[in-house]
Each structure stands twice: as C-alpha cells, then as structure tokens.
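In the order they appear, the protein sequences are chains A and B.
Counted from 1, the first sequence has number 235 at position 236 by numbering that gives the first Met the number 0; the numbering is strictly sequential.
Counted from 1, the second sequence has number 70 at position 71 by numbering that gives the first Met the number 0; the numbering is strictly sequential.
Honestly, I wouldn't trust all of these hints.
Copies of the same chain look alike in the list, so a pair counts if it works inside one copy or between any two.
Stated by the list, open to error - Listed below are the simulated BS3-like cross-link pairs for lysine-lysine, each with C-alpha atoms no more than 25 Å apart in a straight line: (1) K286 - K102; (2) K169 - K3; (3) K286 - K44; (4) K241 - K204; (5) K241 - K207; (6) K207 - K257.
The set of hints was computed from the structure by calculation and includes no laboratory data.
Every value quoted in this text rests on a predicted model; they were computed, and no experiment measured them.
2 protein chains.
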Amino acid sequence: MNLKEELEQKKQYFENELDKYMPGESSYPEILFKSMRYSLFAGGKRLRPIMLIEACEAFGGDAQKAMPFACAMEMIHTYSLIHDDLPALDNDNFRRGRLTNHKAFGENIAILAGDGLLSYAFEIMSNAVVENLDINSAKAMQAVAFAAGVNGMVSGQTVDVICEGKKIDKQTLDFIHLNKTAAMIVGAVKAGAYLGGADEKTIEKLEKAAIKLGIAFQIQDDVLDVIGTFDELGKTTNSDEKNDKVTYVSLFGVEESKNFTEKLSNEAIEIFKSCGDNMDFFVELTKYLIDRRS
Amino acid sequence: MNLKEELEQKKQYFENELDKYMPGESSYPEILFKSMRYSLFAGGKRLRPIMLIEACEAFGGDAQKAMPFACAMEMIHTYSLIHDDLPALDNDNFRRGRLTNHKAFGENIAILAGDGLLSYAFEIMSNAVVENLDINSAKAMQAVAFAAGVNGMVSGQTVDVICEGKKIDKQTLDFIHLNKTAAMIVGAVKAGAYLGGADEKTIEKLEKAAIKLGIAFQIQDDVLDVIGTFDELGKTTNSDEKNDKVTYVSLFGVEESKNFTEKLSNEAIEIFKSCGDNMDFFVELTKYLIDRRS
Numbered sequence: 000m001n002l003k004e005e006l007e008q009k010k011q012y013f014e015n016e017l018d019k020y021m022p023g024e025s026s027y028p029e030i031l032f033k034s035m036r037y038s039l040f041a042g043g044k045r046l047r048p049i050m051l052i053e054a055c056e057a058f059g060g061d062a063q064k065a066m067p068f069a070c071a072m073e074m075i076h077t078y079s080l081i082h083d084d085l086p087a088l089d090n091d092n093f094r095r096g097r098l099t100n101h102k103a104f105g106e107n108i109a110i111l112a113g114d115g116l117l118s119y120a121f122e123i124m125s126n127a128v129v130e131n132l133d134i135n136s137a138k139a140m141q142a143v144a145f146a147a148g149v150n151g152m153v154s155g156q157t158v159d160v161i162c163e164g165k166k167i168d169k170q171t172l173d174f175i176h177l178n179k180t181a182a183m184i185v186g187a188v189k190a191g192a193y194l195g196g197a198d199e200k201t202i203e204k205l206e207k208a209a210i211k212l213g214i215a216f217q218i219q220d221d222v223l224d225v226i227g228t229f230d231e232l233g234k235t236t237n238s239d240e241k242n243d244k245v246t247y248v249s250l251f252g253v254e255e256s257k258n259f260t261e262k263l264s265n266e267a268i269e270i271f272k273s274c275g276d277n278m279d280f281f282v283e284l285t286k287y288l289i290d291r292r293s
Numbered sequence: 000m001n002l003k004e005e006l007e008q009k010k011q012y013f014e015n016e017l018d019k020y021m022p023g024e025s026s027y028p029e030i031l032f033k034s035m036r037y038s039l040f041a042g043g044k045r046l047r048p049i050m051l052i053e054a055c056e057a058f059g060g061d062a063q064k065a066m067p068f069a070c071a072m073e074m075i076h077t078y079s080l081i082h083d084d085l086p087a088l089d090n091d092n093f094r095r096g097r098l099t100n101h102k103a104f105g106e107n108i109a110i111l112a113g114d115g116l117l118s119y120a121f122e123i124m125s126n127a128v129v130e131n132l133d134i135n136s137a138k139a140m141q142a143v144a145f146a147a148g149v150n151g152m153v154s155g156q157t158v159d160v161i162c163e164g165k166k167i168d169k170q171t172l173d174f175i176h177l178n179k180t181a182a183m184i185v186g187a188v189k190a191g192a193y194l195g196g197a198d199e200k201t202i203e204k205l206e207k208a209a210i211k212l213g214i215a216f217q218i219q220d221d222v223l224d225v226i227g228t229f230d231e232l233g234k235t236t237n238s239d240e241k242n243d244k245v246t247y248v249s250l251f252g253v254e255e256s257k258n259f260t261e262k263l264s265n266e267a268i269e270i271f272k273s274c275g276d277n278m279d280f281f282v283e284l285t286k287y288l289i290d291r292r293s
C-alpha cells in the first residue's frame, strides 16, 4: 500500500470515529448541529488528526486514547475555516468544492457553528482529561490550546487579515505562516507525542520538525493557489492575487518558493528521523505533502 | 459593609487579577490584544467569576486556585457578548455605555477577538490543570466547557437567533434562558464548588439553585430592558421590542414577570441554604440581583 492509499484508509477510520464524537443532525437546535456537521464532514484531508494519532502510536500510545484530541483538532481546524471564510474576513463563497458555511446557513449561524466547534473541541478534550487524569492528557490539551490560541492560530489569522492589501516583508509573512498554519501542525504532533508518552527532549525536536513541515506546507498551498485548478483544489484559484495577498509566490516567484519548500521539508525529514525508530510515517508524509497537487 | 460594597471590592480584586492573566496591549499583534482587552475591561459586573471564586471559598478552597478558572469564565462571557453584538447577530452599537467591539475595531477583528478570548480561556484553564493535575481542576474545566458549549450557551444563542421575530412559546423561551444565561451561572458555581472540594451531591443541589437564579436573572434583565434607562444600563433600552424579541415581559407583562423572578429566586435561596453553612453570600447575592436596577 502506498502512502496515498494509507492516508485514505486512515482518513476513513478517523471520519468514522469523528462521526461518533459529534452529536447527530437531529440534536436540538438542529440548524446548529447541521451547520457544524456540514463543514466538519466536507471532506478535508484530516492531516492534523492523522498526524496526532500517528505521533501517539509512534511512541507506543493507543489510537483510541488519541481520538478525542484528534477530533478536537479537526473541529478547531474546521471552526477556523468557517470564520476565515466569513464576509468580514476572506469573504469566500466556496470551500472544498461546495458553498462555504455562511453561504449555506447564513452568517449568524456560521459564526455560531464556529463558536460551537471550538467549544465542543475543548469539551471533549476536557472529558478525556477527566477520564484519564494523567499528565500526558493534560499536556496534550495544553498543546492544542496553545496552538489554536492568541499565541498561535488566532494571532496568525489576525496578522493575515490586517496585512491584506499591504506590502509586507518575509519576516511578517513567516509570522503568518508559522502561526496560522504551522502552529496547528505543531499542536497535533506535540499532543500526539505527549499522549504516546514521548519525553520532553524528543517533543522539542518534533516541534522543530513540525514547524518546518508546517511552513513548507503553507508555501506549497500558496504555490498551488497559482498553479492548481478549481477541480484539483475544490476552491477558487488565484484567490491570493485577487485578494491582493502577499505570499512566497508574490515575493519570490513559483520556482524559488518550490526551493524553499524542498529545503524546509528536507530539514524536517532529518529531524523526524532523529526522533526515534518509528518515524517512517512522518518522513513519508513530509515528502508526500510537498509533491501534492491539492 | 453591605453587599453592594462587598461586590465592588470583590470586583476590584478580580479585575486586578484578570489584568495579570491577560497579555498586555503591546503584545503582537497589538490590535488583537487591544480589542480583546477593550471588551474584557469594559466594566462588567463580573458576576460569574465572583460566583466561581465564592463557591470555591464556601467549600474551603483557595481563591488563587480558582483564579484562572474565574478569568476563563469572564473571557468566555466577554467573547459571547462580542459575537452576539455583531451585525449578523444582534447588530448592537453600544454595550456598557460605549461602542461595541466591532464598531470600535471592525467586524473582522471583533470576530477574531472573540475567538481569541474563547481560546485563551481554555489555554489558561489547561495550564492550571497541568499545574494542579487533580480531579477537581479537571472537573472544573469540564463544567466550564459544558456550560459554554453546544449543550449550553451556544445552543441558547442559536435558538435566540433563529427565533427572532417569531412568536415562540414559554417552553422555547425557557430553553433560551436556561442555555443562554443560566448555563454559564451554573458553570461558574459548579466549577468553583469542584475547586473547593464540594461533594457530587452538594454540586447537584447547587446546580438546581444556579439554574433558578440564572433564569430569574435573565427575566429580570428582560424587565430592566423595558423599565430601565440608558444611563442605568449603559445600553439601548427597549431593544427586545425593537428587535421583535419574545421575552417574559412580552408574554406575561412586567408584573407577572416580576412574580416569576421572585418565586424562582426564593426557591434558589432555599436550595442554597441547604448546601452548607457558608452559603450566605449566595443567599444575599440572589436577593440583590433580583432587586437590581442595572
């Protein structure tokens, strides 16, 4: 089985579990849960939860123990997409080949569905911490909270928003990529590693690798926004140029951006290899993500 | 010292601590932290955090142990106000006598400031759980998460939004009050009681009392919306009628609504009294809240 097939299988497994963690569409108030599920089951790659589960297993942990945290990770990622797409922010009409949440349910429900997903993520992690009551679960939740918050994703999104249409330098762009994208990948890997029982020194190394992988992933996203098609990506292409956004591509061009992703991903791979004997998945995943077309 | 002075003193103490927990305005990105602090320090009554701290102390716990949870509670309450005020929801221009967050910072930053406050609330609770690593801290966080989430505040807000301009019955109105308002009061009291070491049976009773207090508090809010003035409330009055919202007042009139609050608050007081010897604060607070003018 190649990595693409393996990822598809892991995705299926995860989505099946995610469905169990999420209240059904007939829960009251129905429109809230319909709206949350609409975006949560819109067919993302599930990279963050898969990485979390894999990191847990790589250090000898159990996938089922990782599951509430993996589901929470995906709920937080999904809430951020719903809020990012809102008219007051990116004002996007399509996401993953279908209408964005506010286009399907209205802006008021989309805001609440985002709030609901973020809250529910912490609710299921809290439940897991109460149940497990071990330092690893508590630290896993802490890693997710830090990644998602004002020293992570929310700050990256804020700088992204206030810089729209402005000429920004590489340093500011790196801040955005580090916080808007890499932070959650770091959070996923760290949370999984804690749950698996990795030591702090290894987790520090994993963090470094995940940062490089996360930034490489985001630069690749920016490249795909230029060279990809709507059919491949399931969303409008050239949106960065239309929104007057500075990206690696606008600063350095497509070829130089590709060189950045290659350098970063090679460095990430070397660090992953130094983290233990079970890091094959992360090595292969890093290679795969850099070669992806969607 | 009467209760009003006591509450003012507790509020000052809490706000001083809240200031320490919250990153300063010069933190990067500045606009995010400015916007979060703008609403967080807009002079609310701080009822939820004060209740949380009082409940902790009533069962022998330490106020400092309760503090991160009390701060989190107020951050979550504040985020909910910021998002509620947005144009797509209540579209309010004033809150506590000054411009709402989106009027002061723009809609995009207001959405992110709300997301930031909600995330940061869980970040500081996670830090406390990692530090304390006891079942009481974990259960306190769980109580807050449940109260704030899709089985609590977010569901109440959703039903409130979808029912705007519709004729709804008492049952639906009670669902809104229970979830939009009472849930967070329940969360505060339960979280504090857990932190103080109260037993599950007492916490069950506290929950019942807090529900009654919370609903009485909300009915009183609806009454004040009709009989209060802008100067007293710091916000536009008669907003419910303008927004075509069904309230206890529109269903039953001012006098009958006052009777409801009196009955509920008397029941709450009886239950609080049965929860232990140190419940004077909650008894007095319940009386005070029902007599308030703002």
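Exercise. So which hints don't hold here, by number, going up?
Worked result: 1, 2, 4, 5
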